[in-house]
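Participant: Chains as they are written, first to last, in the numbering used here: chain A, 1 to 264; chain B, 1001 to 1430.
Keep in mind that the hints were calculated from the coordinates and are not lab data. Among these hints, one or two may not hold up.
Derived lysine-lysine pairs resembling DSBU-like cross-links, with alpha carbons at most 30 Å apart [said to hold, decoys possible]:
1) A:Lys63 <-> B:Lys1312
2) B:Lys1376 <-> A:Lys63
3) B:Lys1305 <-> B:Lys1335
4) A:Lys137 <-> B:Lys1143
5) A:Lys180 <-> B:Lys1305
Example chain B residues on the side facing chain A (calculated, C-beta under 7 Å, incomplete) [stated by the list, open to error]:
6) Gln1008
7) Asp1010
8) Asp1041
9) Ala1042
10) His1044
11) Ala1045
12) Ala1047
13) Leu1048
14) Ser1059
15) Glu1071
Calculated Cβ distances over 10 Å to all of chain B for the following chain A residues [stated by the list, open to error]:
16) Gly50
17) Gly60
18) Pro125
19) Glu140
20) Pro164
21) Leu175
Model, not experiment: these values are computed from the prediction. Even for Gly, the Cβ is constructed at its ideal location relative to N, Cα and C.
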Amino acid sequence: MELRVAGETAYAYTGGKVFDPKLPALVFIHGGEQDHSVWALQSRYLAHHGYAVLALDLPGHGKSGGAPLAGIEDIAGWIVALLDTAKVSAAALVGHSMGSLAALECAARYPQRVSRIALLGTAFPMRVSPDLLQATKHRESEAHGVINAWSHSAYAHYPSNPGPGFWVIGANLRLMQRQKPGVLHADFAACDGYNRGFERAAQVKCPALFLLGGRDAMTPARAGRDLARAVPNSTVVTLDSAGHNLMGEKPDEALDALVEFLRA
Amino acid sequence: MAAPRSLQFDTLSLHAGQRPDPVTGARAVPIYFTTSFVFRDADHAAALFNMERGGHVYSRISNPTNAVLEERVAALEGGVGAIATASGQAALHLAVATIAGAGSHVVASRALYGGSHNLLSYTLPRFGVETTFVAPRDLAAWKKAIRPNTRLLFGETLGNPGLDVLDIPSVSAIAHAAKLPLLVDATFTTPYLLKPFDHGADLVYHSATKFLGGHGVAIGGVLVDGGTFDWEASGKFPELTEPYAGFHGMDFQEESTVAAFLLRARREGLRDFGACMSPASAFQILQGIETLPLRMQRHVENTRKAVEFLSKQAAVESIAYPGLPSHPDHELAKKLLPRGCGAVFSFDLKGGRAAGRRFIEALRVFSHLANVGDAKSLVIHPASTTHFRMSDAALAEAGIGPGTIRLSIGLEDPEDLIEDLARALSAAKD
């Protein structure tokens, strides 16, 4: 569905169900240079299992208007503004990579609006090497290739990808290529420039799930566990054979971990 | 920036889409000879039916062996996914039927495989889909033929049988300016020689029966989605961008930004038309793909030698091979096909139809049959076989004469092939 946030169109996939704000709300926040479709299976399942789902396209991404936001703090503020527009008083936030930092920031700053957070493929600090950051600005195609290679644990899955016929690595690359020029650099600069991770983590009062990929080369599980230790009420689940794109590589396992966490 | 190295084509040919079976240790791709798959529980069943979880339900829709083939071809082409079909013709039909219906229009190259020509020219009009055929080199004609109800532009990477090289960058630019996708039949080139997505194509299909399988033992097709075309921005494809009553009101473009086409093709096309591939065929085609790079190199090397030999023979009127400077698409071929122009080509014998018949019947190594892309060398006379339904005028427009001979060069010793051709040329003079 489409909402208006800060004067711009904000798109949210509702999982194939009409959004009902009376149900427990669940907000999915994608990572850098991506959109709502990275959550296709998980968001659709949960929308059909009792949740009011909003899988967002952040500003400047996918079908949402406006320019990408400059900082993680800005994204957190935008998410709360979107909850206002959608008439959602409180929601569970599920964020991946850049989106996980936004969920963390949101939970710390707006505790009354966030019931729990699930952070997938997360780490703090989420530093980007100067070379890669330059590439995101001046050589997007090269940066896409590097990020895509680092985002996957393997070139094949047994006996094939659980989404029959889909080449996960190619689909992820194409999704990045479909975003507008400039989005990649804005997103990676936002991740690189976020400095409040541990400070915010200590302020989180709600339950937090850290869902990590054991073969994640973008946000190594070790760094995710460091951040989890700073959150008072956190649980860590590691999918040993998953890389950074764990929703794509291990969709069922990622969903099962989310279901268990949300029902706890 | 220490850039990780992506796996190269030869490695993907062997490994993309599959890892050894963790239970049995089987290294080869297992053949999942089962019609259906057990659900873990009622919720799992419902979730699979509603596309809330990935997995297999029924082998008409998907099968693990077929999925390996689909992912492997998608990886080799640089697409986002693929669908294995019962044949190349089924892949073409699936592509057209997914985004076109009664009242729709297709613009297609005139230089097509006879079966594709039949489908577009005679069969699909019965279902309300019309096609305008254009000369593949006439870019103005492509543009002029587009109508408000056009849904697709379509051509072959190497037109059958004249080997017209499709100017994919130019034709795709024309398609995209009209907010339409370009579908390409890449059977003759395979991704080893040409990756159409790199040049602007949006959808690619193969008759996997040919070079992908490579051994002439399995019929099959593969339809690949490049994930590049923005169906929503086009505004011409409600099949993909509006709720579909036939599948839970699903809006496929909402579900997948890059693979809406594939979702609809599988959830509607395979489900309703049912032209799925047998997992046994998928296994056989996968065996072929494992050696695709090696075979294509040899196919091209042998073809160059055969073309060189024939081009020096007085009995040969002309040869249509883009690797030759005399071919009208030679310059385009150098740009799009630097690894070679494939292993299928046609030539005209002096003496017309009778000479052609004597030539074919004198061959001993070449097999006279209606196929291309086998490991074995093949020969056919298009005017009396693959294109026999076409009028003489239509044949001429497609670049086929009454004495045209089409060869598919195999992997035999090239000297044996040349000796066979020499013997047949001699016989043709009688």
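Participant: Please go over all the hints and tell whether each is borne out by the structure.
Facilitator: Verification of the supplied hints:
1. At most 30 Å may separate the alpha-carbon atoms for a hinted pair to count; Lys63 (chain A) and Lys1312 (chain B) exceed this at roughly 60 Å.
2. Taking the CA atoms of Lys1376 (chain B) and Lys63 (chain A), the gap is about 51 Å. The hint is violated against a cut of 30 Å.
3. Among the hinted pairs, Lys1305 (chain B) with Lys1335 (chain B) is consistent with the structure: their alpha-carbon atoms are about 21 Å apart, no more than 30 Å.
4. For the hint pairing Lys137 (chain A) with Lys1143 (chain B), the CA-to-CA distance comes to about 36 Å; that exceeds 30 Å, so the pair is violated.
5. Using a Cα cut-off of 30 Å, the hinted pair Lys180 (chain A) and Lys1305 (chain B) is violated, with the two alpha carbons roughly 48 Å apart.
6. Residue-level restraint check for Gln1008 (chain B) is violated (minimum Cβ-Cβ distance to chain A is 11 Å; threshold 7 Å).
7. At its closest, the beta carbon of Asp1010 (chain B) sits 13 Å from a beta carbon of chain A; the interface hint therefore is violated under the 7 Å criterion.
8. Because the beta carbon of Asp1041 (chain B) sits about 13 Å from the nearest beta carbon in chain A, more than 7 Å, this interface hint is broken.
9. Interface hint status for Ala1042 (chain B): violated, as the beta-carbon distance to the closest one in chain A is roughly 13 Å, over 7 Å.
10. With 7 Å as the threshold, the beta carbon of His1044 (chain B) stays out of range of chain A, its nearest partner Cβ sitting at about 9 Å, so the hint is violated.
11. About 13 Å separates the beta-carbon of Ala1045 (chain B) from the nearest beta-carbon of chain A, more than 7 Å, and the hint is not met.
12. Here the hint on Ala1047 (chain B) is kept, as its CB sits about 6 Å from the closest CB of chain A, short of 7 Å.
13. Among the interface hints, the one on Leu1048 (chain B) is violated; its C-beta lies about 10 Å from the nearest C-beta in chain A, farther than the 7 Å criterion.
14. Among the interface hints, the one on Ser1059 (chain B) is violated; its C-beta lies about 10 Å from the nearest C-beta in chain A, farther than the 7 Å criterion.
15. For the restraint placing Glu1071 (chain B) at the interface with chain A, the shortest Cβ-Cβ distance is roughly 5 Å, inside the 7 Å limit, so the hint holds.
16. Interface exclusion of Gly50 (chain A) from chain B stands, the closest Cβ pair being 12 Å apart, more than 10 Å.
17. Against the 10 Å criterion, Gly60 (chain A) stays outside the reach of chain B, whose nearest CB is about 14 Å from its own CB.
18. Remark: the non-interface label on Pro125 (chain A) is consistent with the geometry, its nearest Cβ contact in chain B lying 18 Å away (cut-off 10 Å).
19. Remark: the non-interface label on Glu140 (chain A) is consistent with the geometry, its nearest Cβ contact in chain B lying 13 Å away (cut-off 10 Å).
20. A beta-carbon of chain B comes within 10 Å of the beta-carbon of Pro164 (chain A); the shortest separation is about 4 Å.
21. Separation of Leu175 (chain A) from chain B is inadequate, the least Cβ-Cβ distance of about 5 Å not exceeding the 10 Å criterion.
Checked against the numbered hints listed earlier, the structure breaks hints 1, 2, 4, 5, 6, 7, 8, 9, 10, 11, 13, 14, 20 and 21; every other hint is satisfied.
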